[in-house]
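Protein chains: 2
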Amino acid sequence: MRPILFAAAIAVCAAPSFADPLPSWAETDTKAAIIEFVERVTDPASPDYVTPADRIATFDNDGNLWAEKPVYFQLIYALERVKERAAEDPSILESDMLRAAAEGDVEAIAEGGLEGLLEILAISHAGMSVEEFQDDVRAWLDTARHPTTGMRYDAMIYQPMLELLRYLRDEEFQTWIVSGGGVHFVRAFAQEAYNIPTEQVVGTAGPTEYVDGKVMKLPGIDFVDDKEGKPVGIDNSIGKRPIFASGNSDGDFAMLEYTTAGDGPRFGMLLHHTDAEREFAYDREGHIGVLNRGLDEGPDRGWVIIDMAEDWLRVFPE
Amino acid sequence: MRPILFAAAIAVCAAPSFADPLPSWAETDTKAAIIEFVERVTDPASPDYVTPADRIATFDNDGNLWAEKPVYFQLIYALERVKERAAEDPSILESDMLRAAAEGDVEAIAEGGLEGLLEILAISHAGMSVEEFQDDVRAWLDTARHPTTGMRYDAMIYQPMLELLRYLRDEEFQTWIVSGGGVHFVRAFAQEAYNIPTEQVVGTAGPTEYVDGKVMKLPGIDFVDDKEGKPVGIDNSIGKRPIFASGNSDGDFAMLEYTTAGDGPRFGMLLHHTDAEREFAYDREGHIGVLNRGLDEGPDRGWVIIDMAEDWLRVFPE
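Keeping their order, the protein sequence lines are chains A and B. Each residue of the first sequence is one higher than the one before, starting from 0 at the first, in numbering that gives the first Met the number 0. Each residue of the second sequence is one higher than the one before, starting from 0 at the first, in numbering that gives the first Met the number 0.
You may find that some hints are simply not true.
Identical chains share a label here; the pair holds if one copy fits it or two copies do between them.
[Claimed, not checked] Dumping the calculated DSS-like pairs for lysine-lysine here, alpha-carbon to alpha-carbon at most 27 angstroms:
#1 Lys82 - Lys226
#2 Lys82 - Lys239
#3 Lys213 - Lys226
#4 Lys239 - Lys213
Please keep in mind that the hints were generated in silico from the structure rather than gathered at the bench.
Just chain A, same shape as in the assembly (with noise of 0.2 angstroms):
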């Protein structure tokens, strides 16, 4: 073993942690649930023991990990690349929804369905290196600044899930982002953001090819990772059964239902977006992270329900 691993070895065991694990959250019936969960199937002694390498927990990103009001983050990216292309070649606004889209007219392109967002993200998503998407996505990140709050996006981050997810990791747990975000979009933040590797985020993909040592990103969508998609993005990439699953809108319900339905301890979370002075306030109504199913089905199913006014001592990391 070389010095550096041994001084590693030495410091992991030196370092006991009697700490609490979730600062940020109120010493409330949530908070009890998470930590009984997780003590009950990382102790050895219990009949509900998991092994870490099943210790599988997936999140949801939009509105679980980061905010996504007004819409979500990628979309205002995408949109500001389109209008930044178009006022270096105004030809490429071929369409109404690409017009739309320069203009930043969210309405028109919420409207447009998947057609008009497949025209969007033809120009602002494909045509490149899957590094060359990635690094423009950080620079992005780097300049641009959310409308109401001014924040950097990747600011937009929640503490408490920041703490959740290192408590899980320190219990041997792998967290994993299943996302209906685009993969590559996610990827290029996560490991800053939330310290989680490129292998370990599954998303919305569209098509690549390899030419010349690179691959290459196509227009179009593949594979859409949401509602009954996520299951089979779960299946396809980690190719086991979460044993605990976080999300908030009815887009993860099915990962939730596929997460508890197995044998054994299983969690299900989702967060309820109850604090309109620190982040927003919604559920049952709009475009984006519509919870409706959750709420109704998710109590009687044995989820826990995050009530975030109530369950958050702070929303965003200082």
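Assemble the complex: chain A is given as a structure, and chain B must be docked to it using the hints.
Just chain B now, with coordinates in the frame of chain A:
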């Protein structure tokens, strides 16, 4: 830290590994090149040091981690299952191709191309949940025997590669399988055979569907993880360019090219099947595991060619 973890940490601290990590490899240039590369990228003082997070190694499976003659073992499984189902219900043999499958006529199937293969896979690999399919594969592995060696198929794995996988993992590499074989098929035995968890297996994939708490396998093929598909599969599942890639056929050429086209230290390796006595000898001709371009261009690209007869002291585990 719990006692069991503490004990594990102590054990790690107390076990320096001065032993030969590759005892089944002869003392040739091949072995020296592998060890030189691993030491160079893991030594923090080396200019070529690579952080553990980027130590991604990818391995082809058929003909690289286990044997692939006379035909891919997955095809043997598929044919046996078609035959069994036809014995229960002969009406399923609706085409010449399915009749050929039930008769085990591999030549006819090879000539039938992709369409014929899809008919066979639709019967042998679809219409059940992923878990049921994998239970079935494991049950097959428990009883099936190789036609010429009489061995279990999952005993025809290569001992030198098992040592290499372990050596790389001991040096904090991630060892991924990137196989032209079906992802669910390979996952059924990868943990047991190679100590590789399901989430580090990438492969050819058919469509699946989430229904009532289960992920069901449907007929068809969505993604072929071979040739130019391998870099695409790597990007899709790992999201990082490997620094080490190991294959044995021209189906792996693009994976090795993609791997070694990156900046910094890179390692590409091809297994040349030169050992008719202990395994099989084949390269430029045939339907399975053809290796032409790799032999022609590999050495000039700096790729290491394993000569099985010369470089391996033994082939299969005892």
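Status of the hints after comparison with the structure:
Proximity of Lys82 to Lys226 under the C-alpha cut-off of 27 angstroms is found in neither arrangement, the shortest distances being 30 angstroms within a copy and 37 angstroms between copies. Proximity of Lys82 to Lys239 under the C-alpha cut-off of 27 angstroms is found in neither arrangement, the shortest distances being 42 angstroms within a copy and 30 angstroms between copies. In this assembly of identical chains, Lys213 and Lys226 lie within 27 angstroms of each other by CA distance solely across copies; the values are 14 angstroms between and 31 angstroms within a copy. Taking identical chains as interchangeable, the C-alpha atoms of Lys239 and Lys213 lie at most 27 angstroms apart only when they sit on different chains, with a minimum of 11 angstroms there against 30 angstroms within one chain.
The structure shown violates the earlier hints numbered 1, 2.
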